[in-house]
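Engineer: Chains as they are written, first to last, in our numbering: chain S, 1 to 351; chain L, 1 to 359; chain G, 1 to 246.
Some hints could be false.
Below 20 angstroms or equal to it, Euclidean Cα-Cα: the simulated DMTMM-like pairs (lysine to aspartate or glutamate) are [to be verified]:
#: 1; chain 1: S; residue 1: Lys234; chain 2: S; residue 2: Glu287
#: 2; chain 1: S; residue 1: Lys234; chain 2: S; residue 2: Asp223
#: 3; chain 1: S; residue 1: Lys145; chain 2: L; residue 2: Glu331
#: 4; chain 1: S; residue 1: Lys145; chain 2: S; residue 2: Glu126
#: 5; chain 1: S; residue 1: Lys234; chain 2: S; residue 2: Glu348
#: 6; chain 1: S; residue 1: Lys318; chain 2: S; residue 2: Asp285
#: 7; chain 1: S; residue 1: Lys234; chain 2: S; residue 2: Glu257
#: 8; chain 1: S; residue 1: Lys151; chain 2: L; residue 2: Asp82
#: 9; chain 1: S; residue 1: Lys318; chain 2: S; residue 2: Asp271
#: 10; chain 1: S; residue 1: Lys145; chain 2: S; residue 2: Asp223
#: 11; chain 1: S; residue 1: Lys151; chain 2: L; residue 2: Glu331
#: 12; chain 1: S; residue 1: Lys318; chain 2: S; residue 2: Asp301
#: 13; chain 1: S; residue 1: Lys151; chain 2: L; residue 2: Asp54
#: 14; chain 1: S; residue 1: Lys234; chain 2: S; residue 2: Asp301
#: 15; chain 1: S; residue 1: Lys151; chain 2: L; residue 2: Glu77
Bear in mind the hints are in silico, worked out from the structure with no lab data behind them.
Here the structure is a predicted model, which is why all the values come from computation and not from measurement.
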Amino acid sequence: MIQFAIPRALRPSFAAAHASRRTARSAAVRGGRPTIGLLVATLVLAACAGAPATPIPTTAPTATAQVTAPPATSTPAPAFPVTITDDEGTIVTIPRRPISVVSLTPAATETLFAIGAASQVTGKVEDITPYPPEADGLPIVATYKGTEIEKIVALNADLVIAGGLGFTPPSAVAQLRSLGIPVIVLYAASVNEALAGIEAIGTATGNADAAVALSRAVRGEMDRLAGLTAGLAKPRTFYEIDATSDIYTVPAGSLYEELLTMAGADPITTDVSYQISLETLITLDPEVILLGDGGYTTMADVRARPNWSGIRAVMEGKIYPVNDTLITRPGPRLADGLRALISVLHPEVRL
Amino acid sequence: MPAAVGALAPRRSSGFRTAFARRPIVVGALGLALLVFITILGIAAGTVVIAPGDTVAILAHRLLGLDVAQSWTSAAETIVVDLRLPRVLTAAVVGAGLAVAGAAFQGLLRNPLADPYVLGTASGAALGAAIAVIIPVRALFLQFGLLHALAFLGALSAVFVVYRLSRLGSRAPMTSLLLTGYAVSSLLAAGLAMAMYLSGAGLRQIFAYLLGGFEASSWGRVAVAAPLIVLASAVIFLRARSLNGMLLGEEAAAHLGVDVRRERAVLLAVASLATAAAVAVSGLIGFVGLVAPHVVRLIVGPNARLVLPLAALLGASLMVGADLVARLLGEIPVGVVTAVVGAPFFLALLRRAQTGYEL
Amino acid sequence: MIRLDGVTALYRDRTALRDVTLHIAPGERVAVVGPNGAGKSTLLRVVAGLLRPTVGIVELDGHPIDRLERLAVARRLSVVPQLPTLPFATTVEEVVALGRLPHEHPIRGMRPGDRAAVAAAIERVGVGHLLGRDARELSLGERQLVLLAMAVAQDARALILDEPTVHLDLRHQVEVMELVGDLNVRDGTTILAVLHDLGLAAHFFPRLIVLDHGRVVADGPPSDVLAPDLIRDVFGVDPAFVRVAR
């Protein structure tokens, strides 16, 4: 039969917003006896389940106050039913203004609270870096282990916002839809898509005006920040997602890459496998290393790695932990993420 | 389970067994009672607490059409009728199908260590599912996605290839089948590794498939998978005589009136069909197909006429029970539960196999 | 009952039978003898319909055997198989009951008549003391008797035995031969047996067929067939080693 080895980072990646793409890992698979394969899988799963959620230190002060939506001015009852085409191309009709919204991505949770839909939200996905604090009391209906459909049904959910690219298991999405619950699936590979997602959530929940205002505010702030780095030198930057065994970095065409570029970096990218060889990395010789895995990796760890000592960033000590959550979560705090990146890459810039 | 493993010890089995062998009806009734009991538990338990009274009332109302005063919420009704009932039924049907297919493969290959996956169905289905995850198509037909379709086709194609390859100039068809199955499985596993490597964000989904589970069950899926599995099992039941003949080997089977070549092809095809349908709806769940037939043989002996239906009952009960445990432990993969229960049994079986068992 | 006409057959790409013609009438008792590799087992496989001759005709009760369903063959012809391996624990009575496969109800299985036949076969072959035991744990000789009981339970008009006595002690050899004689005389069962022991063959069988290099080199009563010259030529031993009662 089949044997597996689950990559170490499989589990933390779930709870981090939309970082499901980080799960792109190879898994050693070879023929063998089912007993062993399943036992290995069991052990690894058990080990993963027990791993504590590591808090990720924030380097830059997050000035959330700078980007907030204008207070939801008496939203005029929008024309429900509304029809939305979600990011997977599914056409979803929401018959009434939802009064029990379940958020299956941390980004959606943040967005819902930022657009004044807090009173409509009844359940959320587990989040190891929870935000906002107001969402803390909500019942958790999904974890890295899966989506608990029964709980969602018991909440009488009339709208579910799910994550794409497999973040929410497609089978769960199909099942919810088969029960007549509208599900919109969102994911974002760019800032524009992230903002479109915010607006889609607004439309779906009857908070369109606030959502549009929020998305414009975020766009405006990000454009302003990008403008500040426009003329600066762009250091070749290696963004480390994980390097515990193999080395993982950001793929080309991802939200990561776009943010790094806006922050005035020249990011080293790879393909959809997220993997990069040490040889390639040494050849590309980054000037700056950003530790997206800063929760469990320090500059000393990087310096101690064999064969890394010749890399320019290592020699010059330009290794900085960053708050991965802010950068990868396609929600209302994207501008904060961008600001955090700029403050590390270009500390001279006055934000 | 420990009791059953103990009963594997040589000689002790016979007396224990003959006591039951004369009363297959009693064993069958016990098996049925076990299945009904576990099924009721499976419907009553879940992450959301629904009062047992309400559960019974909902079932009576919806299934039997009884006019019961409605004391429950519509959410509770949805949970019981549209989530738990199809889930338990899927588990039962898949468990029964795998157990029957396992019994057929063990009898056909004359190998007590054979299971429904031995001829490549598992790796074929896994590769199919992994490829489906990589292909960015999200269409659903009858609540089945590309993943289910490719898993189903992958399982069947793998067995077909194994069967055709094994027939090339071979004099010991069963040994050849087993070895070819192993070789093809290894090759497919390499393909699976590659697909997983390329799958990016889909890795989680592939992984979930490999460990199997019933959380995505629905009436629509039961309606497609159950008839396939039931039909294939029925065809196998009707061929109990052929499986009995093969107890003594193919040549002896031929002397006893079995058209070995034809029966082998038919049994392989339908057992693989049942397995493919099972793995398409529930992923790869090990051990039930291996263990259920053996436990039944320990109780009633090797007569396929008894083994097949009783293994179906036991397999269904084991699977519903394993799914229940998986659910109560917070939706852990059901394959993990069956492995924890089945692995000790498998080891005991291996130990026994080493002592030899030629007639 | 059994008729072979001009049969040539291959065993593993080697010609094992060449132009064999023989006829065994209903109720006959025939032993096939010959040195190793003479084609005896191939002959039995051809007669049982398991091996298709490349040339020639094999008939069972006047029907070409390859036109008959396996089930029809099994009802006419039972074969004591070589000692096979058993994949699962199987009791002695379960093995004997396999003899009823050609007769039992396709769905319901054994009927009272089948059970009676099993009990009778167990009684007749004398394996009653082995009931309840796992057939895999019996001695070679005991297993041979159990398989004989299975073939007897099959209740066919012809019985084919391939070296039925190799693992048996002298007493059991004689008992099996007497049982075979009894099946032949009392029940009219046609018997075709491959034997190594020329003495046993000559003593218990009125007709011997001698095979050598795939050909029938002699066919007739033991006294005619087992001439000293033939024993020397075919078996390559001094005829003094073979004492044939004349």
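Engineer: Which constraints among the numbered hints does this structure fail? Numbers only, ascending.
Structural biologist: Numbers 9, 10 and 14 - these are the hints that the structure violates, sorted from lowest upward.
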